[in-house]
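Undergrad: The primary structure of each chain is shown beneath.
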Amino acid sequence: MITNRRTPVFLHLFFLVLCTLMLLPLLSVFTISVSDDVEIIKAGGYSLLPRGEWKWDAYNLIFKNPYQILQAYQVTLLVTVIGTAGSVLLVSGLAYTLSRRDYRRRKAVSFYLFFTMLFSGGLVPFYILVARVLDWRDSYFALIVPALINVWNVFVLRTNFQRIPGELIESAKMDGASEFRILFQIILPVATPAMATIALFTAFGYWNDWWLGLLFINKPDMNPLQLLLKNMLSNIEVVLARMNDMPQSLRAANLVPTEAIRMAMCLIAAGPMLLAFPFFQKYFVKGLTVGAVKG
Amino acid sequence: MRSAPKKPIQWELNLLAFPALILVFIFAYVPMFGVVMAFQDYDYQLGFFGSPFVGFTNFEFLFTTGAIWKVTANTLFLNAVFILAGMAGSVVLALLMYELTNKKAIKTYQTILVFPNFMSWIIAAYMFYTFLNPRYGMLNQALTGLGLEPVKWYSDPSVWPVILTVTSLWKGVGMGSLLYYAVLMGIERDYFEAAAIDGATKWQTIKKITLPFLIPTMTILLILSVGGIVRADFGLFYFMPQDSKALYPVTDVIDTYVFRALRNMNEPGMAAAAGFLQSTVGFFLVLGANAFVRKIAPENSLF
Numbered sequence: 000m001i002t003n004r005r006t007p008v009f010l011h012l013f014f015l016v017l018c019t020l021m022l023l024p025l026l027s028v029f030t031i032s033v034s035d036d037v038e039i040i041k042a043g044g045y046s047l048l049p050r051g052e053w054k055w056d057a058y059n060l061i062f063k064n065p066y067q068i069l070q071a072y073q074v075t076l077l078v079t080v081i082g083t084a085g086s087v088l089l090v091s092g093l094a095y096t097l098s099r100r101d102y103r104r105r106k107a108v109s110f111y112l113f114f115t116m117l118f119s120g121g122l123v124p125f126y127i128l129v130a131r132v133l134d135w136r137d138s139y140f141a142l143i144v145p146a147l148i149n150v151w152n153v154f155v156l157r158t159n160f161q162r163i164p165g166e167l168i169e170s171a172k173m174d175g176a177s178e179f180r181i182l183f184q185i186i187l188p189v190a191t192p193a194m195a196t197i198a199l200f201t202a203f204g205y206w207n208d209w210w211l212g213l214l215f216i217n218k219p220d221m222n223p224l225q226l227l228l229k230n231m232l233s234n235i236e237v238v239l240a241r242m243n244d245m246p247q248s249l250r251a252a253n254l255v256p257t258e259a260i261r262m263a264m265c266l267i268a269a270g271p272m273l274l275a276f277p278f279f280q281k282y283f284v285k286g287l288t289v290g291a292v293k294g
Numbered sequence: 000m001r002s003a004p005k006k007p008i009q010w011e012l013n014l015l016a017f018p019a020l021i022l023v024f025i026f027a028y029v030p031m032f033g034v035v036m037a038f039q040d041y042d043y044q045l046g047f048f049g050s051p052f053v054g055f056t057n058f059e060f061l062f063t064t065g066a067i068w069k070v071t072a073n074t075l076f077l078n079a080v081f082i083l084a085g086m087a088g089s090v091v092l093a094l095l096m097y098e099l100t101n102k103k104a105i106k107t108y109q110t111i112l113v114f115p116n117f118m119s120w121i122i123a124a125y126m127f128y129t130f131l132n133p134r135y136g137m138l139n140q141a142l143t144g145l146g147l148e149p150v151k152w153y154s155d156p157s158v159w160p161v162i163l164t165v166t167s168l169w170k171g172v173g174m175g176s177l178l179y180y181a182v183l184m185g186i187e188r189d190y191f192e193a194a195a196i197d198g199a200t201k202w203q204t205i206k207k208i209t210l211p212f213l214i215p216t217m218t219i220l221l222i223l224s225v226g227g228i229v230r231a232d233f234g235l236f237y238f239m240p241q242d243s244k245a246l247y248p249v250t251d252v253i254d255t256y257v258f259r260a261l262r263n264m265n266e267p268g269m270a271a272a273a274g275f276l277q278s279t280v281g282f283f284l285v286l287g288a289n290a291f292v293r294k295i296a297p298e299n300s301l302f
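So the protein lines, in turn, are chains A and B. When you line the first sequence up against numbering that gives the first Met the number 0, it's residues 0 to 294, in that order. When you line the second sequence up against numbering that gives the first Met the number 0, it's residues 0 to 302, in that order.
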């Protein structure tokens, strides 16, 4: 099959067209972020490619008044780092235990986890639990703790750990290693692709999370990035009002590049993820294995 | 491993599993007991134990106002479209990708196809807003350019089933195809060599070798998505139409309805009732789908 196989040109053509289509929305956001509002209005609308010279005014204005975006970045960064570290630690501990065929409660624990994929109490009890009983409104706890354990990730990791030859664990035990050492010094290094995939997905989950923010955060200073963006999409004034350093001449002449600022903020928020994920991509295909819930 | 002597108490393993199990208990099992709220006239002051029980009043209200029927119909219809379109698109893309030989090209295509998966629905809403903005958006520019009437995208419900399907595909099809591609990568090359020697055509090879390898993964994902068919992707339905009231007839789904009932209408009991219906129906759908698969192809069932 490998020999004598030449890819037909039309197949590449198909993928090139498809990839271009996928990228169009990103491209147009970038174009608007470097365009002039006046020009947009004069030309009758947005364009896919910049009409004139690239203008960085929107970025300049944002970086001159970075308070809000920095605040949101800080919240999101903290939540992502702590959440991902905690999640990977706890999930891999549970996955390792489940991967051990000699673990006595393996069946019961698997069912306990699996059942949560089938049935849930729904949004309202969850909301009341976090907002009223635990009283985590406007706190980091609400943004981090509820998302720590993803059952799907537990199963994916467990399946990956099970592929590691049992002799490795056996011989480590002979040498008197504890389960903790086996997990951290033998299992985790061998399962790097799976670990990297899980860590990446968890980090993305935290970075992109708007759900917990939408439910539990009201204080503007506790807004994660996504929530700031959400508020800005419906009301750009949210951002502009807090830009102290805005030249009065711009404001007076109604020349604030609103559209450009909006899209620039969107890119500033999405940027780190766009840059980060290609580096992890080599692990995806190896690390992603579904059909793995069965055990 | 199987011959390993069992320790009487595996306290180290228990300890490793324990913190995660506690968290699952708090955030997944405790809310399950909270479904009792669906039968209460829930009052934040009185709380879970103090609020009066009202039997099926919440449910009656949902059904008699007719609200639940519309959002349930929207949820089922759009999710069914997403599931079918998503699965077909992902499988076809994976098969096509498998035909490529140039490693660099494969990697580049995959990177681009997968990137939307890492964008939140809010970011996606920004991106598609550049096309859908009624005044400046590129779609309306194109329409007027062609001499057609511009469309008020955010107040015309009739176009939204298509928009939602396209955006759902845009975001999910790349990652979906990667899942199937990963399965294809695991097929032994011997099968294809044997088929080539026997003079099999490309189509025969796909039908007899490649697809059968994908069926187990397809089945399991399908069972799970059938269970999830009553559960809408909140972000897609809330942010993409920018919560425009004019679009509710098409874009309002169970999840957005429950959210509004809880946050805007301040009707926690009613919201809990809708959520309870959703969870229960989803639960039985998964069991049903699994029982069905177990009957026709036991090896592919989920449990």
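Hints were generated in silico from the structure; no laboratory data involved. Backbone N, C-alpha and C fix where the C-beta goes; we use that ideal spot for every residue, glycine too. Be aware that one or more of the hints could be misleading.
Claimed, not checked - For lysine-lysine, the following BS3-like pairs were computed, each having C-alpha atoms within a straight-line distance of at most 27 Å: (1) K151/B / K294/B; (2) K294/B / K106/A; (3) K281/A / K106/B; (4) K102/B / K244/B; (5) K281/A / K103/B; (6) K207/B / K41/A; (7) K281/A / K244/B; (8) K69/B / K206/B; (9) K218/A / K102/B.
What the hints assert, rightly or not - Partner residues aside, some chain B positions facing chain A, computed with beta carbon under 8 Å: (10) L20; (11) F26; (12) I214; (13) V225; (14) A245; (15) V257; (16) N263; (17) M264; (18) P267; (19) A296.
Undergrad: Double-check L20/B for me: the hint is only fine if its C-beta lies closer than 8 Å to a C-beta in chain A.
TA: Because about 7 Å separates L20/B from the closest Cβ in chain A, which is inside the 8 Å limit, the hint holds.
Undergrad: Would you check the hint for K281/A and K244/B, treating anything up to 27 Å between C-alpha atoms as holding?
TA: It is violated: about 43 Å lies between the C-alpha atoms, which goes past 27 Å.
Undergrad: Between K69/B and K206/B, is the straight-line Cα distance small enough, at 27 Å or below?
TA: violated, 40 Å
Undergrad: K207/B and K41/A: Cα distance at most 27 Å?
TA: Measuring from Cα to Cα gives roughly 59 Å; hence the hint is violated.
Undergrad: For the pair we were handed, K218/A and K102/B, check the Cα-Cα distance against 27 Å.
TA: violated, 49 Å
Undergrad: At a threshold of 8 Å, is the proposed contact between I214/B and chain A supported by beta-carbon distances?
TA: With a minimum Cβ separation of about 10 Å from chain A (threshold 8 Å), the hint on I214/B is violated.
Undergrad: Starting from K281/A, check that the Cα of K106/B is at most 27 Å away, please.
TA: holds, 8 Å
Undergrad: Should the interface hint for P267/B be scored as holding, given a Cβ-Cβ cut-off of 8 Å against chain A?
TA: holds, 6 Å
Undergrad: Has the given pair, K294/B with K106/A, been kept, meaning a C-alpha gap of at most 27 Å?
TA: holds, 23 Å
Undergrad: Using the nearest Cβ pair, does N263/B come within less than 8 Å of chain A?
TA: Cβ of N263/B sits 12 Å from chain A, so the hint is violated.
Undergrad: With the threshold set at 27 Å, check whether the alpha-carbon distance from K151/B to K294/B stays at or below it.
TA: The hint is violated at about 49 Å.
Undergrad: Mind checking the CB of V257/B against every CB in chain A and telling me if the closest is under 8 Å?
TA: holds, 5 Å
Consistency note: the structure conflicts with the earlier hints numbered 1, 4, 6, 7, 8, 9, 12, 13, 14, 16, 17, 19.
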